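Peer 1: Counting from 31, one number per residue, gives the positions in the sequence shown under my numbering.
Quick caveat, the hints were computed from the structure, so don't treat them as lab data.
With a straight-line cut-off of 27 Å between C-alpha atoms, the simulated BS3-like cross-links for lysine-lysine are:
hint, residue 1, residue 2
1, K169, K180
2, K189, K169
3, K180, K129
Treat the numbers as computed from the prediction; the structure is a model and nothing was measured.
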Amino acid sequence: IWTDKTSGLCCGEEASSWLHAVLGRRCRLLYHADFPSPRTADIRNIEKYPLLRDDDHFLYTDGAAFMLMTVQSVADLQRRVQCQIAAENFRPTILIEAKNGPYDEDSWEYVMIGEAVFRNISPCTRCIFTTIDHETGHKDPNQEPLRTLKTYRCIGGDKDPHLGINLALDLPGLISEGDEIFVTRTVKNKWF
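Could you put the whole structure together from the sequences, leaning on the hints where they help?
Peer 2: Shown next as structure tokens:
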């Protein structure tokens with residue numbers, strides 16, 4: 031994944047054949063068992079993101095085990111673009127309806143959902159995958175919503191926009207739709 035080597039167990043020929051038929055290219059479906067070597071956080075980012083720890087683990091994702099965003103943030107972006115978008119364009123692990131306005135999640139430090147406690151380790155950098163329709167696989171010819179995000183959601187001198195937050199799990203537990211959500215927040219917006 032990117033430049034990291036990681037392990038996985040192959041789901042077998044039947045799964046590989048099905049993926050080949052659907053995607054038109056040879057590939058393998060892997061899953062993670064209890065391997066002793068999950069990927070860990072890039073310690074070069076610890077100064078930039080103080081809640082990131084060198085023992086944060088993730089395996090098949092870019093930089094965090096979980097990504098949270100709010101319905102309000104997606105709705106605000108929808109008002110700014112001409113095309114139809116959905117939260118699924120951003121592949122969130124956790125999508126919530128918050129009581130405050132859009133991008134409120136940027137200022138959260140710790141999040142408790144159900145029995146689980148998460149730590150906000152960084153804003154989620156958005157890439158070209160956000161321009162691909164999650165149902166059809168077609169790429170938006172105008173690079174939306176990425177193009178619009180770049181006009182107002184870049185941090186400092188970054189060229190890549192951010193939407194949603196990357197979370198590390200501090201206390202495992204069951205979460206369910208409808209759970210109450212409790213957050214601690216910074217005094218001001220963390221990054222923007």
